[in-house]
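As given, the protein sequences belong to chains E and H, one line each in that order.
According to this note's numbering, the first sequence is numbered sequentially starting from 11.
According to this note's numbering, the second sequence is numbered sequentially starting from 11.
One or more hints might be untrue.
In silico PhoX-like pairs for lysine-lysine, Cα to Cα no more than 25 Å straight-line [to be verified]:
(1) K199(E) / K233(E)
(2) K233(E) / K252(H)
(3) K199(E) / K425(H)
(4) K199(H) / K425(E)
(5) K287(H) / K331(H)
(6) K60(E) / K425(E)
(7) K378(H) / K425(H)
(8) K21(E) / K81(E)
(9) K446(E) / K199(H)
(10) K378(E) / K425(E)
(11) K446(E) / K21(E)
(12) K331(E) / K287(E)
(13) K139(H) / K287(H)
(14) K139(H) / K331(H)
(15) K233(E) / K233(H)
(16) K199(H) / K118(H)
(17) K308(H) / K308(E)
(18) K60(E) / K21(E)
(19) K233(H) / K252(E)
(20) K425(H) / K60(H)
(21) K199(H) / K233(H)
(22) K233(H) / K118(H)
(23) K81(H) / K118(H)
(24) K446(H) / K199(E)
To be clear, the hints were calculated from the coordinates, so they are not data collected in a lab.
The primary structure of each chain is shown beneath.
Protein chains: 2
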Amino acid sequence: MNATASLSRPKPSDADIAAVAAELTQRFGGRAVSSAAVREQHGHTLTWVKNQPPDVVVYAETTEEVSEIVKLCAARGVPVIPYGTGTSLEGHVNAPLGGVTVDVSQMKAILAVHEEDLDCVVQAGVTRKALNEHLRDRGLFFPIDPGADASIGGMVATRASGTNAVRYGTMKDVVLSLTVVLANGEVIKTASRAKKSSAGYDLTRLFIGSEGTLGIVTEITLKLQGIPEAISAGICPFPSVKAACDAVIMTIQSGIPVARIELLDEVQVRAVNAHAKLTLPESPLLLLEFHGTEAGVKEQAERFGEIAAEFEGGPFDWATKPEDRSRLWQARHDAYWAARGLRPGAESVATDVCVPISRLAECVDATKQDILASGMIAPIVGHVGDGNFHVQPLVDVSNPAEVEACEAFVDRLVKRALSMEGTCTGEHGVGQKKMKYLEIEHGAEALNLMRLLKQSIDPHNIMNPGKIIAL
Amino acid sequence: MNATASLSRPKPSDADIAAVAAELTQRFGGRAVSSAAVREQHGHTLTWVKNQPPDVVVYAETTEEVSEIVKLCAARGVPVIPYGTGTSLEGHVNAPLGGVTVDVSQMKAILAVHEEDLDCVVQAGVTRKALNEHLRDRGLFFPIDPGADASIGGMVATRASGTNAVRYGTMKDVVLSLTVVLANGEVIKTASRAKKSSAGYDLTRLFIGSEGTLGIVTEITLKLQGIPEAISAGICPFPSVKAACDAVIMTIQSGIPVARIELLDEVQVRAVNAHAKLTLPESPLLLLEFHGTEAGVKEQAERFGEIAAEFEGGPFDWATKPEDRSRLWQARHDAYWAARGLRPGAESVATDVCVPISRLAECVDATKQDILASGMIAPIVGHVGDGNFHVQPLVDVSNPAEVEACEAFVDRLVKRALSMEGTCTGEHGVGQKKMKYLEIEHGAEALNLMRLLKQSIDPHNIMNPGKIIAL
Numbered sequence: 011m012n013a014t015a016s017l018s019r020p021k022p023s024d025a026d027i028a029a030v031a032a033e034l035t036q037r038f039g040g041r042a043v044s045s046a047a048v049r050e051q052h053g054h055t056l057t058w059v060k061n062q063p064p065d066v067v068v069y070a071e072t073t074e075e076v077s078e079i080v081k082l083c084a085a086r087g088v089p090v091i092p093y094g095t096g097t098s099l100e101g102h103v104n105a106p107l108g109g110v111t112v113d114v115s116q117m118k119a120i121l122a123v124h125e126e127d128l129d130c131v132v133q134a135g136v137t138r139k140a141l142n143e144h145l146r147d148r149g150l151f152f153p154i155d156p157g158a159d160a161s162i163g164g165m166v167a168t169r170a171s172g173t174n175a176v177r178y179g180t181m182k183d184v185v186l187s188l189t190v191v192l193a194n195g196e197v198i199k200t201a202s203r204a205k206k207s208s209a210g211y212d213l214t215r216l217f218i219g220s221e222g223t224l225g226i227v228t229e230i231t232l233k234l235q236g237i238p239e240a241i242s243a244g245i246c247p248f249p250s251v252k253a254a255c256d257a258v259i260m261t262i263q264s265g266i267p268v269a270r271i272e273l274l275d276e277v278q279v280r281a282v283n284a285h286a287k288l289t290l291p292e293s294p295l296l297l298l299e300f301h302g303t304e305a306g307v308k309e310q311a312e313r314f315g316e317i318a319a320e321f322e323g324g325p326f327d328w329a330t331k332p333e334d335r336s337r338l339w340q341a342r343h344d345a346y347w348a349a350r351g352l353r354p355g356a357e358s359v360a361t362d363v364c365v366p367i368s369r370l371a372e373c374v375d376a377t378k379q380d381i382l383a384s385g386m387i388a389p390i391v392g393h394v395g396d397g398n399f400h401v402q403p404l405v406d407v408s409n410p411a412e413v414e415a416c417e418a419f420v421d422r423l424v425k426r427a428l429s430m431e432g433t434c435t436g437e438h439g440v441g442q443k444k445m446k447y448l449e450i451e452h453g454a455e456a457l458n459l460m461r462l463l464k465q466s467i468d469p470h471n472i473m474n475p476g477k478i479i480a481l
Numbered sequence: 011m012n013a014t015a016s017l018s019r020p021k022p023s024d025a026d027i028a029a030v031a032a033e034l035t036q037r038f039g040g041r042a043v044s045s046a047a048v049r050e051q052h053g054h055t056l057t058w059v060k061n062q063p064p065d066v067v068v069y070a071e072t073t074e075e076v077s078e079i080v081k082l083c084a085a086r087g088v089p090v091i092p093y094g095t096g097t098s099l100e101g102h103v104n105a106p107l108g109g110v111t112v113d114v115s116q117m118k119a120i121l122a123v124h125e126e127d128l129d130c131v132v133q134a135g136v137t138r139k140a141l142n143e144h145l146r147d148r149g150l151f152f153p154i155d156p157g158a159d160a161s162i163g164g165m166v167a168t169r170a171s172g173t174n175a176v177r178y179g180t181m182k183d184v185v186l187s188l189t190v191v192l193a194n195g196e197v198i199k200t201a202s203r204a205k206k207s208s209a210g211y212d213l214t215r216l217f218i219g220s221e222g223t224l225g226i227v228t229e230i231t232l233k234l235q236g237i238p239e240a241i242s243a244g245i246c247p248f249p250s251v252k253a254a255c256d257a258v259i260m261t262i263q264s265g266i267p268v269a270r271i272e273l274l275d276e277v278q279v280r281a282v283n284a285h286a287k288l289t290l291p292e293s294p295l296l297l298l299e300f301h302g303t304e305a306g307v308k309e310q311a312e313r314f315g316e317i318a319a320e321f322e323g324g325p326f327d328w329a330t331k332p333e334d335r336s337r338l339w340q341a342r343h344d345a346y347w348a349a350r351g352l353r354p355g356a357e358s359v360a361t362d363v364c365v366p367i368s369r370l371a372e373c374v375d376a377t378k379q380d381i382l383a384s385g386m387i388a389p390i391v392g393h394v395g396d397g398n399f400h401v402q403p404l405v406d407v408s409n410p411a412e413v414e415a416c417e418a419f420v421d422r423l424v425k426r427a428l429s430m431e432g433t434c435t436g437e438h439g440v441g442q443k444k445m446k447y448l449e450i451e452h453g454a455e456a457l458n459l460m461r462l463l464k465q466s467i468d469p470h471n472i473m474n475p476g477k478i479i480a481l
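Isolated chain E, as found in the complex (with noise of 0.2 Å):
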């Protein structure tokens, strides 16, 4: 292809930024913010990447709100960095450049629910537990849930997914459309309301994972589920991650619908104890979700069960009632500050790979022995039914010795997995950490395309540079 051209571009100068501050200001009032710890806390993400602050937090209400924005840092070269709830793991929402940071927080509307049609349409700035919130009522849900209470738009931007994504996809399979404001400042809606299309190029699914280097999405159609009539949770002790891992692939294999099927490891669930008071075994860990009827979920129930037992799994424990199953599922999304208590001030680093799920025994393996071997504390959580995982290493960042062993552990357990025809994220996304593996895992070729694609669309590298497509 044809994108040879680079993609760097220099820092705004001290005047277009004052200038575009100014103008903020003038338009948004206080709306516009420049103090030092507004832009610090917008640089700010869960990991040990580098605060990289904007210069500007601007709170946006509404589309035509943003499109404004964009249009007067377009004017001027002003970087523009989309902001929903901070919570990305890869540095997504840090300001290289510097520039204009739109936090659309304040986009919280709901603005429709199409019970018949099973879909609705959100601000950006909607949580996915807010949205949940309001649907209950209705007897529908949303099913995408990474750990973090995130923005829908973030979770649009980052091709999110989470323990529901083995039955119900991620953000690339539940959008129908999405209204995005481009690098000039037009807004576009990607699809119709349709449930299927084949009418033209893809644009919902160009602009789902692209973090913002493309535009921002400011409202998102989606489609909903209903809440099955029954749901029933438990977890299994398995003697090994190995016997874990192949019980979850003769699930699959088997077509048994299971909702949600996680992996902790041994030092995930001391974590996870200590941190929620629990009294989970500890050693590796399954915890499952069934969703259907009463007859249905109990069905799937007893055939996971004979299937773990085939791999010395077992016994197999039920919570049936809600609230220990919401204890449960609670205890696993909070896995990531559970796992940040087994060593107190010390930081946490995400890790996100995903392999065929053939591959996910050996993958996970050949890991723990690696975590062995560096003597790191680094427990595992997965979303095993899809091959990914997460590792979470605890480090004492005053420590460089430290700091360079994590690293080169967290590059040992990527190339790991493109070995094994995985990728470098299964689900939080490129940012400015996992640039350096597009290369490897697409081919410089496909990495161009990227690149093309990238240049044509933002052609003044606007829109969060720095992250996806190096600057």
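Fit chain H to the known structure of chain E by using the hints.
This is chain H only, laid out in the frame that chain E set:
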């Protein structure tokens, strides 16, 4: 966006065509064909779209050969048109500027089946039936089933779906990765074999539905499904199309995981009865199929029966024997040919709109009234679980008044669907005939973004020119 330049391009010169033809003959011998019959066959479509044959047809056997052909054509600005089985319905395989058709029907190797991962890798010319034949002994199947026995490459190109889409999704949902030859002959792989990834722009879905206008798909990694333990199918008559649609809405809303739910109006039922020697009740009819365990399928069927009764549908008649089930679905898949039997000698016009399911009954109803008023014979079938339906007017193309009336009808149909937040094509694709609706459906800015993608990726407009984006 900045895509203001026209995509028009001149017809290549006779000298360039002659030179490319000579080069192709030298390289591919008897696999490069310029006979009138073969050329005409390759511009042929199943509908009334005018035949525009290419200058040369080359039967490619590998990705590398496709790359060579594209490079030869690119060097002289000669158009390249991909061809699978020629079963597309909107003029996709026509060559309005002449050029070289790359026939991939001989690329029919199934390169790998990964049973543990529920995926496989196929060449683009493998047809859906050949793939399922190959998979059957392994207990796996590939669910996407357009009416024709299309090639997988063609199904990728048009973002095809079919009767199973309500449960298993469309082509956009079942492709893990593609090998694509770009407009300069470069070969890329769009993704790894991991079940999910957030590693950059979604190149896979950029090409799904791009109809050969951005590149030629040569290999496809597909998700597969386990053949369900139990399958049951049935038919259920309804007093009206509206009652049938309302039953569909409630079935979907209730979360019954129906595998197929197809509508035939009474005209189509008459056609099917005559064609397949069946005795289906000649009223609006739902054809259903349920996949699951023995108990699960029984439960689903009972619950559907209750819903049908609420809308005065029934009796609900079960085809429990596999041969009866096959006959039923064969009859459904033959609906196209059955319909043609209603008016021997007439041409059949394919239509394909899709609306949010809440608008389906209204859209089908208004369309039936329109058919009645126009005096046409035009049966209706629909993948109604997705809000997608096809009207198939039968037209005497030697009668200009009839042709004009039919074109006006199709135009009203599409605009009706668009006015209901629907799409001008649910699964057939844009080809030549739906281009004029893209701006109404997407808006000028979004269409301009599509144009920009086309211009960036295929700057000399040699890839299937005159499809999706105007010449």
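Against the structure, the hints:
no.	hint	result
1	K199(E) / K233(E)	holds, 16 Å
2	K233(E) / K252(H)	holds, 24 Å
3	K199(E) / K425(H)	holds, 18 Å
4	K199(H) / K425(E)	holds, 18 Å
5	K287(H) / K331(H)	holds, 18 Å
6	K60(E) / K425(E)	holds, 23 Å
7	K378(H) / K425(H)	holds, 15 Å
8	K21(E) / K81(E)	holds, 18 Å
9	K446(E) / K199(H)	holds, 18 Å
10	K378(E) / K425(E)	holds, 15 Å
11	K446(E) / K21(E)	holds, 22 Å
12	K331(E) / K287(E)	holds, 18 Å
13	K139(H) / K287(H)	holds, 24 Å
14	K139(H) / K331(H)	holds, 21 Å
15	K233(E) / K233(H)	holds, 21 Å
16	K199(H) / K118(H)	holds, 19 Å
17	K308(H) / K308(E)	holds, 15 Å
18	K60(E) / K21(E)	holds, 18 Å
19	K233(H) / K252(E)	holds, 24 Å
20	K425(H) / K60(H)	holds, 23 Å
21	K199(H) / K233(H)	holds, 16 Å
22	K233(H) / K118(H)	holds, 18 Å
23	K81(H) / K118(H)	holds, 23 Å
24	K446(H) / K199(E)	holds, 18 Å
Checked against the numbered hints listed earlier, the structure breaks none of them; every hint is satisfied.
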